[in-house]
Amino acid sequence: MSSHPTVNLRLTLDKKNSTPVDVTAVADTGAQSDIWSLEHFLKAGFKMSDLSPATLSLNAANKSPIQINGVFRAKMTGAVGSQNEISCRSMIYVSRDIKCLYLSYDSMLQLGIINRDFPAIGSFKNNISNKKVSADPQANVTLPVGSICGATNDDGGICDCPIRTIPPPRPDELPFPCTPENSAQMRDWLLNRYGSSTFNTCPHQQLPRMDGPPVEIHIKDDAVPVAHHKAIPVPIHWRDQVYADIARDVALNVIEPVPLGEPSDWCHHMVVARKHDGSPRRTVDLSPLNKFCKRETHNPEQPFHIVRRVPRDTWKTVIDAWNGYHSLPLRKSDRHLTTFITPIGRFRYKRAPQGFLSSGDGYNRRFDTILTDFNRKERIVDDTLHYDTDLNEHWWRTIDLLTLIGNSGVVVNPEKFQFAQKEVDFAGFRITPDRVEPLPKYFNAIRNFPTPSSTTDIRSWFGLVNQVSNYAQLRDLMEPFRKFLSPRTPFEWNAELDAAFESSKRAIIDAIKEGVEIFDIGRPTGLRTDWSKKGIGYFLLQKHCSCDDTDPDCCPGGWRITLASSRFLKPSEKHYVAIEGEALAITWGLEQSKFFTLGCPDLTVITDHKPLVKIYGDKRLDEIRNTRLARLKQRTLPWYFKIIHLPGKTNPACDATSRYPAPTEEQDDITESLVLASIQRQTNSITSITWDQLVEETQKDDSLQSLIEAIHAGFPPESRNSPLLSQFWQYRESLHVSDGVVIYDDRVVVPLSLRPSVLEALHAAHQGVSMMGSRARAIVFWPGMTADIEQVRKNCRECIVNAPSQPTSSVVPSPPPSTPFEKVFADFFEIAGQHYLVVGDRLSAWCDVFTSPHGSPQSGAAGLISCLRNYFARFGVPEEITTDGGPEFIASATEEFLKRWGVSHRLSSAYYPQSNGRAEVAVKSTKRLLRANTGPSGSLDTDRFLRAMMQMRNTPDPDCNISPAQIVFGRPIRDAFAFVNRLVKYDNHHIRPMWRDTWEKKELSMRKRYFHSIEKLDDKTVKLPPLQPGDRCYIQNQSGNYPKRWDRSGTVVEVHGFESYTLKVDGSGRTTKRNRKHLRRFSPIDSGPNHKSTPPSLPAPKSTRLSSIPPSVPLQPSSIATPSLQPTASVPLQIPSHNDSPPDGQFQIDTTPPVVVPSTPNPFMSPIPTGQGQVDTVPSPQPTELPSRPTRVRRSPKKYEPESGEWV
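With UniProt numbering applied, the sequence shown covers 1 to 1208.
The set of hints was computed from the structure by calculation and includes no laboratory data.
Be careful, since some hints might not be right.
[Stated by the list, open to error] Below 20 Å or equal to it, Euclidean Cα-Cα: the simulated EDC-like pairs (lysine to aspartate or glutamate) are: (1) K1077 with D1047; (2) K230 with D622; (3) K533 with D739.
The whole structure should be built from the sequences, with the hints applied where relevant.
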């Protein structure tokens, strides 16, 4: 353990009156949780009652489980040098299986022991000292606490922000004498002292957690969940940075990945837009969730009432909170409501989201709670002011305030820190030592309204006054201007009109001041905006009438003016189209009036541009194609308002201020200018084209000049059919003009003359179409750009030669076969020097293997045809055969054979075995089978090969659980497991039910056919008596020159059943197996020991009896012969030799006439002894003699020729 680096810390339980304990902790970057030894925990003076039960299960590095005895929350503090400290809060688990305190990776990040890029070589290069380190590996190393952040900035540099710490303790004395002259120096000292804590605005470090309960999300009962399950693609050139930002926010504990397997009822889109420096800005559009949320209303006081409470002639300090929403923890059970989807997965917020409806209310409520015990302060929205009459006390109270809010998890913007001043700007007001008044920007639009120089100017001013005034004296003051409302009155300007004009301006300013003073955040509030080619303006009104209508034009004088402001357009804004200008007015108006509108529960925005009602209404950011409009709406997400449309003629006040804007001394809103500058930089970075060239060539391009005119005119309908403009019609919503250059979706529209240069620059690296397109889509645009890029790539010889392999194409399945052996496959393969052919069925996977040795008849096309002919004979001719197009398969003989039998030949592609995948699978399986089951020379004539083939055919397919044999035969074939076939046929689960049903039907049909045949043959069959071993018989010849003759005799030596007998032929002594039909028994007459019986030369007597089937023998299909109704014709017997012939009368032929008997038991028939130990069955009545067989002319049999299809 001594070889591990350790740090010395002070540990304090998160409970009242807890005593700090000094501990030594092991720095373990592999630890995911802080864990402490139970023994050391108790030795430190803690008790088991200090532990809370824990359900988390932990494992050691060797995967062994760690038993958790409890958990407690504590603050760990370490010293930074001799004066500063850094601390963090953590959940520490306690286990008796641990021998010391281990610090987790997260805790080391918060304590500044490692930076967020760990492990990264050189990330702490600024901290490397020249001190020598002991080479003793057993030395106890103490790591330094506190350092710079060291993270990588967007520009590639190293972030030099200090590691976040808790505020330092209160100093014993002030660093400078407390005088007004030293206030600036004291301000710098405070910024430095609290630079790592309260003023630490580092974006790479985890924000502190604000004290107070987590923010809760309450959904309305009628809420309809909105879930998007397809992420919006991120441009390729932004992907790495966007994904890195997501990982950073996960490390900052702002978001977390959604656990695997957890569904999302609510899932929002992540939208990526360009920032002013060209980098991406991620935004989660929570507007669908805000629509169904119950707001956590924290109703602040009226702004004017707050500032009026500040005493006059006091020292005042104003602080502005920074990025406070992400300091608010979000209730764990509500995190799923903030889920958003990205191309790399789903994430959800752990802190309050920026665009959530109640984030502002939750932040203000908790901030007010933190400052409850801090006296002499006022707070509204982000601004907090505290005041004192004594400067020394004010300095000390500022230190106490920065310490308090720093320890409570609030970060302050150092750039807006106003310290120890008599006059400050606070919450939209300027507080001076003797008065409080609205900021000049709220009425400069009136004060600086230019003197009218035409009748039109007078009418504009008259409309402004008439709308915002609710005093009779204003109407009296404007009486001299009334005559100019008539077009017949010529313009003139005199001292009387000028005095009335100035008086009316002062009266309106007074009305604004009064409106500010009586502003009530609970009243219905309206923001009216307008845009012109010169400037933008807004008026903030509040309802003071009792009308039911909530529109600002409900009644004359019902809505009183609160604020008014206007400004000139910036150079980058002068080329905005109408919809963009009107959107700019709305966004700017909300931001300028944030102290009065942010958090307003009943806020209405009124515009005279109707398309903005949908864009600022329920349209999501990802649905807005115009990136400028998307950015403008994105800036309004912290406000919750409804937007309505009223005609421009009802809004003369805003119209007047926008047409005659007032100059402003405020810092310009240069966001769009910076965006345009980033576009210029990126354009110059990928091409050698300068911005001046773009402007010059755009002026020369007739189509782009017409396009600029159409953009300024709002794309009139006739431009849709214009030859020059029709190609831009579908992009009209995202087109605008900046500095004489047409911009589409933050991309430069390249003039026709510069497009070849752009294409050449894009193709300089000889990248593919996708990479060229992704780079081009980030910066340039023209209709048909993708086709031009593809053409450049196609015409590049270098790219064609060095092109990478194409990806595997998608599977194109062939039509599946419907029956076995309808479609087959075949392939040759070689194993162990032997060549084989495999032929198989695509449906059942039944495979047959044939040998194909080189030089044998089984090789080449002839051997292939022989194998296929054998295969077709067994399984039928298929409709299609699939091969890889080898020489044997494409030979003319093979093609002719397949064509003759009507077999379609499908060839797979060369060098692409996937196109004949079934054959390839069969070859693999067959190769495995053959390796250990063939003979020495690769012969297939072995028992091992037979056993293997039977096993393969009986093996079920893993997908359908049916074997090839079951598909083909409906049952497993008999293999090495012969006992399976002894199971009952109809109960055997190895046999498919379809086949069992088929067999049952077949048996019923055969039984029916059998009885029909018996009935038909009942009167036409005879029963030949069975023979016994030793019986002498004549044998009817069935071949040779004399067929059908009884020219041989022999002795029965074996009875086989089914009327089959084996006889030993007289003379030759050979044995032959004959049917009972071809044997005629006779009884020889023995005259002496040397007597030899010879068949007589007389013709055999005619037999007039018919054989019948003995009842004891079961009926076999082969034993059912076609009976003849005629008696057997007489056949003369040939005598082979004189010596073998017996004397006349010395032999007796069995000429007992047979009797006709039925094959089924008949009660009218009785058995009769035959005299040879056999029993013949004869009918009780006398048999009837059958008629003799008529003679007929024998004709030569016809033969069938398959080639002609005829009988010849």
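Verification of the hints:
no. : hint             : in the structure
1   : K1077 with D1047 : holds (15 Å)
2   : K230 with D622   : holds (12 Å)
3   : K533 with D739   : holds (15 Å)
Of the numbered hints stated above, none is contradicted by the structure.
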